[in-house]
Amino acid sequence: MTEVTKIDGIGSSVRRTEDKKFLTGKGRYTDDINRPGQVQAYFLRSDVAHAEIKSIDTKAAQSAPGVVGVFTGSDIAADKVGGPICGWVVPCRDGSSTKEPPHPLLAQGKVRFVGDAVAVVVAETMEQAKSAAELIDVDYNELTPVVDFVNADEGAQIHEEVPNNCYFDWELGDESATNKAIESAAKVVKLSVRNNRLVPNAMEPRSALAEYDSLDESYTLHTTSQNPHLTRLVLAAFMFAIPESKLRVIAPDVGGGFGSKIYVYIEEAVCVWASKKIGRPVKWTADRTQAFLTDCHGRDHVNDVQLALDENNKIIGLRVDTVCNLGAYLSAFSVVVPTILHGTLLSGQYDIPAIYTNVKGMATNTVNVDAYRGAGRPEATYLLERTMETAAKEVGMDPAEFRRINFIPKDAFPYQTQVALQYDIGDYEPHLDKAMEMIDYSNFEKRRAEAAKRGMYRGIGMSSYIEACGLAPSAVVGALGGRVGQWESASVRVNPTGTISVFTGSHSHGQGHATTFAQIVADKLGIPMENVEVIHGDTDKTPFGMGSYGSRSLASGGSAISKAVDKIINKSKKIAAHLLEASEDDIDFKDGKFVVGGTDKEKAFGEIALAAYVPHNYPLETLEPGLEENAFYDPTNFVFPSGTHIAEVEIDPATGVVEVVDWAACDDFGNLVNPMIVEGQVHGGIAQGIGQALLEDAHYDENGQLLTASYMDYCMPRADDLPSFKVGYTNTPCTHNDLGVKGCGEAGAIASPPALINAVIDALSPLGVTDMSMPATPQKVWKAIQESQSVAAE
Amino acid sequence: MEIKDSYELPLSKERVWAALNDEQFLKKSIPWCEKLERRSETELAAEVKLKIGPMSTRFTGNITLSDIDPPNGYTITGSGKGGIAGAASGSAKVKLIEDKATLSTTLSYEVSAQVKGKIAQLGSRLIQSTAKKLSKNFFGSFVKQLEDMDKS
Numbered sequence: 001m002t003e004v005t006k007i008d009g010i011g012s013s014v015r016r017t018e019d020k021k022f023l024t025g026k027g028r029y030t031d032d033i034n035r036p037g038q039v040q041a042y043f044l045r046s047d048v049a050h051a052e053i054k055s056i057d058t059k060a061a062q063s064a065p066g067v068v069g070v071f072t073g074s075d076i077a078a079d080k081v082g083g084p085i086c087g088w089v090v091p092c093r094d095g096s097s098t099k100e101p102p103h104p105l106l107a108q109g110k111v112r113f114v115g116d117a118v119a120v121v122v123a124e125t126m127e128q129a130k131s132a133a134e135l136i137d138v139d140y141n142e143l144t145p146v147v148d149f150v151n152a153d154e155g156a157q158i159h160e161e162v163p164n165n166c167y168f169d170w171e172l173g174d175e176s177a178t179n180k181a182i183e184s185a186a187k188v189v190k191l192s193v194r195n196n197r198l199v200p201n202a203m204e205p206r207s208a209l210a211e212y213d214s215l216d217e218s219y220t221l222h223t224t225s226q227n228p229h230l231t232r233l234v235l236a237a238f239m240f241a242i243p244e245s246k247l248r249v250i251a252p253d254v255g256g257g258f259g260s261k262i263y264v265y266i267e268e269a270v271c272v273w274a275s276k277k278i279g280r281p282v283k284w285t286a287d288r289t290q291a292f293l294t295d296c297h298g299r300d301h302v303n304d305v306q307l308a309l310d311e312n313n314k315i316i317g318l319r320v321d322t323v324c325n326l327g328a329y330l331s332a333f334s335v336v337v338p339t340i341l342h343g344t345l346l347s348g349q350y351d352i353p354a355i356y357t358n359v360k361g362m363a364t365n366t367v368n369v370d371a372y373r374g375a376g377r378p379e380a381t382y383l384l385e386r387t388m389e390t391a392a393k394e395v396g397m398d399p400a401e402f403r404r405i406n407f408i409p410k411d412a413f414p415y416q417t418q419v420a421l422q423y424d425i426g427d428y429e430p431h432l433d434k435a436m437e438m439i440d441y442s443n444f445e446k447r448r449a450e451a452a453k454r455g456m457y458r459g460i461g462m463s464s465y466i467e468a469c470g471l472a473p474s475a476v477v478g479a480l481g482g483r484v485g486q487w488e489s490a491s492v493r494v495n496p497t498g499t500i501s502v503f504t505g506s507h508s509h510g511q512g513h514a515t516t517f518a519q520i521v522a523d524k525l526g527i528p529m530e531n532v533e534v535i536h537g538d539t540d541k542t543p544f545g546m547g548s549y550g551s552r553s554l555a556s557g558g559s560a561i562s563k564a565v566d567k568i569i570n571k572s573k574k575i576a577a578h579l580l581e582a583s584e585d586d587i588d589f590k591d592g593k594f595v596v597g598g599t600d601k602e603k604a605f606g607e608i609a610l611a612a613y614v615p616h617n618y619p620l621e622t623l624e625p626g627l628e629e630n631a632f633y634d635p636t637n638f639v640f641p642s643g644t645h646i647a648e649v650e651i652d653p654a655t656g657v658v659e660v661v662d663w664a665a666c667d668d669f670g671n672l673v674n675p676m677i678v679e680g681q682v683h684g685g686i687a688q689g690i691g692q693a694l695l696e697d698a699h700y701d702e703n704g705q706l707l708t709a710s711y712m713d714y715c716m717p718r719a720d721d722l723p724s725f726k727v728g729y730t731n732t733p734c735t736h737n738d739l740g741v742k743g744c745g746e747a748g749a750i751a752s753p754p755a756l757i758n759a760v761i762d763a764l765s766p767l768g769v770t771d772m773s774m775p776a777t778p779q780k781v782w783k784a785i786q787e788s789q790s791v792a793a794e
Numbered sequence: 795m796e797i798k799d800s801y802e803l804p805l806s807k808e809r810v811w812a813a814l815n816d817e818q819f820l821k822k823s824i825p826w827c828e829k830l831e832r833r834s835e836t837e838l839a840a841e842v843k844l845k846i847g848p849m850s851t852r853f854t855g856n857i858t859l860s861d862i863d864p865p866n867g868y869t870i871t872g873s874g875k876g877g878i879a880g881a882a883s884g885s886a887k888v889k890l891i892e893d894k895a896t897l898s899t900t901l902s903y904e905v906s907a908q909v910k911g912k913i914a915q916l917g918s919r920l921i922q923s924t925a926k927k928l929s930k931n932f933f934g935s936f937v938k939q940l941e942d943m944d945k946s
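Protein sequences appear in the order of chains D and L. Each residue of the first sequence is one higher than the one before, counting from 1 in this note's numbering. Each residue of the second sequence is one higher than the one before, counting from 795 in this note's numbering.
Just so you know, these hints were derived from the structure itself, not from any lab. Be aware that a few hints might be false.
[Stated by the list, open to error] As a list, the in silico DSS-like pairs of lysine-lysine whose alpha-carbon atoms are at most 27 Å apart: (1) D/LYS783 x D/LYS453; (2) D/LYS130 x L/LYS889; (3) D/LYS59 x L/LYS829; (4) D/LYS130 x L/LYS829.
[Said to hold, decoys possible] Reference excerpt, derived from the structure (chain D facing chain L, CB under 8 Å, subset only): (5) LYS130; (6) GLU134; (7) PHE292; (8) LEU707.
[What the hints assert, rightly or not] Label-pair distances were calculated between CB atoms; the ranges are: (9) L/GLU835 x D/ASP321: 56 to 62 Å; (10) D/ASP32 x L/GLU835: 39 to 45 Å; (11) L/SER935 x D/ARG28: 51 to 57 Å; (12) D/SER55 x L/SER860: 23 to 29 Å; (13) D/GLU175 x L/ASP799: 52 to 58 Å; (14) L/LYS843 x D/ASP304: 47 to 53 Å; (15) D/MET397 x L/ASP799: 54 to 60 Å; (16) L/GLN908 x D/GLU52: 17 to 23 Å.
Heads up, the beta-carbon is just placed ideally off N, CA and C, and yes, glycines get one too.
Given these sequences and hints, build the entire structure.
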């Protein structure tokens, strides 16, 4: 792997092979698929946030034109179909476990958020289903909605099983050591931050098409999933109590997920159920409003931070008290996001001798909150990097130097944090230095002065983040409350002519696996990339696997492929040894050829493949014919990408508009397989982070009505909101996977919000502004400028 | 949501009050009203068709009159269901103040309203402007009808 010369091997920016179909509009998404006899499902959703259902009258809808069936919660209950489950729970401080209330597929007796499904209408066309749904009369007894999650414990109880609307009250770290550090500190920096609520906004809305085969008594479900095998497992084992073999789940082309398509939602389960009930294929596709209302949202935390410093400005303790909003029901990974994925990140890149955190997860009458690009790690990074910047300013140090003196030194790895993680490797000063150089940090004050002449406020802000991704190993995940394994699978099939079919348990919904994974195989086998096809997303084709989330595909899925290819090479050597009449130990494999060391005797990889399938001259007594290998790879640790992002902004005091004028991102992702794809991931991540920091905010009013349920009110970043990014890398290869890779999918979204808000505050610091909440909208920024000026005038 | 506004009408207080209590007259003043029927002294049934932003919806609902203080004002409370567009409920305090000198009456109202479902999701920020537009239309035709009656 040290010799990277092939143009399509590891380290080469090969163009994405999948883009031809996507760029020409030929992608095949769930909603593009139609089955003979198919009918359409439409869900009648609650327009009140919290209510008892007194009655549902579906009579008129039943006899409306085109209607095939109208079903409510009682129909689901009669068939004893279970609801979605929580995939990870944590213990509470009082020794109890996470409270897991049931989540019925269709409301039973109560609705708990605006968008909660009350009934489903199945009709010949979507228009007929929608029209019939208008005829359903639901009589509600409205209850007081709980919207303010910080005070949700004082609100009306949403679930019988969840006293004080608190799903869990979890802690991590050494509380007494941390409190002692705070008490003995030379300085304690205090900060309260809020991580604004976001809507994932995948370009393709969720969709499901379910079909029942009565002869086979089996189901086929096409759905927008990031992990079809987990979807099958949950639906078969926990909801329908059928053998997995009776359910095939296909996630064809999927147009973005960002976490929102990890979970099994009620809609696909209802489609599966209705397909048997009705005896016809049932399709459902969300419109954009339904996506806003029912896709799991992200973030929504408030954090109180106390950072203790000694007299040399070294950090001696960190305490973080967090309250987070989990919404009306517990979604699959809603519990792990603000706890394990958040609390364990609190050491950041810093050597902190005492850390304690408490997290309370609250129920509210809002849609479920779960993983969204970064999942817990952006929230941890935001509070930490906002605090680091604030602390640096309070003690009068340059923020870069304050970070530098607190970095974990490079000779301290492997480094055991006080919050459970052990970082295998890292080196933080090089990416800080490089990012500062990329943005010309040392000359910033000149640029600030120049901007001031133009009447603009210019600011600079940074964020040195760490990310823990590729969750692992399974045993640790299990000990922490995870209910699934965290390994990944691969099956590598060498076809008789030497072409390769790779079956991965990962799932691609924009990441470019067909390219990246093919590069790995091509590199290892010394064959052209065109000879490698990557197959994913179909439980009938691929081995059981966990899918894609948490930046795990390359570190876990790519490593599994690498291991399977190693097995192929080992078996090929045995075949080559036989064909070349040499000892296996004397066979070298290089550039796609098996060579007897020190001779010119060789066999090409294709010849070995053919011999394996046409075993006329083959050691059948000691070796099986064929050439196909599986690997199941359970990583021994998380991978720890890190980096420094620096944002530079200009603010127009007349309008409050924040313009992002420059951006330097220097990341350590370990080895890069396809730098172009990595750069694309960095760009996308930063764009989403800029969206969170400046524009996006999901807002419920006090009655639990989602007011930002369309693009008129929910502001997404556009090209003209973004600068041209400067992207650079450092590299400390991961020590525990063969490829030396980390993850890059979420880093941009993790690193960018604090860098940008730090820059906004820095720009306004001459006015005395010391805080700014996300999103820093023109209105908010303008108000801060006006208030500071009126204070100055007094 | 709170909406406050007032209109000066070139009419006596008694005249305005009588019109405000004549459902046939009211119905004619509300072009988007498809049905307005009196059920009792204080109760009416209504059906209106409204366009809010991108949504066109028929609301059916009940209206109750309370705090009736002839000829000075009353409170109208109503709730309506608009099918999949959602629902709306609210109340309006209507007050009439006469200016003897100019022979005009100022009608002021204070509305507090809640909207649910699609109207809230898509139209919340359009409601204020829609409500203003509708009330302007209403009072325009209200006055015009009274004037036409005077002429005939």
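Status of the hints after comparison with the structure:
1. D/LYS783 x D/LYS453: Cα-Cα ~22 Å, so holds.
2. D/LYS130 x L/LYS889: violated (42 Å)
3. D/LYS59 x L/LYS829: Between D/LYS59 and L/LYS829 the Cα gap is close to 25 Å, so the pair holds against 27 Å.
4. D/LYS130 x L/LYS829: Holds - the C-alpha atoms of L/LYS829 and D/LYS130 are around 25 Å apart, at most 27 Å.
5. LYS130: holds (7 Å)
6. GLU134: holds (4 Å)
7. PHE292: Given a least distance of 7 Å, the restraint on D/PHE292 holds.
8. LEU707: holds (5 Å)
9. L/GLU835 x D/ASP321: 56 to 62 Å: With a Cβ separation near 58 Å, L/GLU835 and D/ASP321 satisfy 56 to 62 Å, so the hint holds.
10. D/ASP32 x L/GLU835: 39 to 45 Å: Since D/ASP32 and L/GLU835 have Cβ atoms about 60 Å apart, the given range 39 to 45 Å is violated.
11. L/SER935 x D/ARG28: 51 to 57 Å: holds (55 Å)
12. D/SER55 x L/SER860: 23 to 29 Å: holds (28 Å)
13. D/GLU175 x L/ASP799: 52 to 58 Å: holds (57 Å)
14. L/LYS843 x D/ASP304: 47 to 53 Å: holds (51 Å)
15. D/MET397 x L/ASP799: 54 to 60 Å: holds (56 Å)
16. L/GLN908 x D/GLU52: 17 to 23 Å: Because 19 Å falls inside the window, the suggested range holds.
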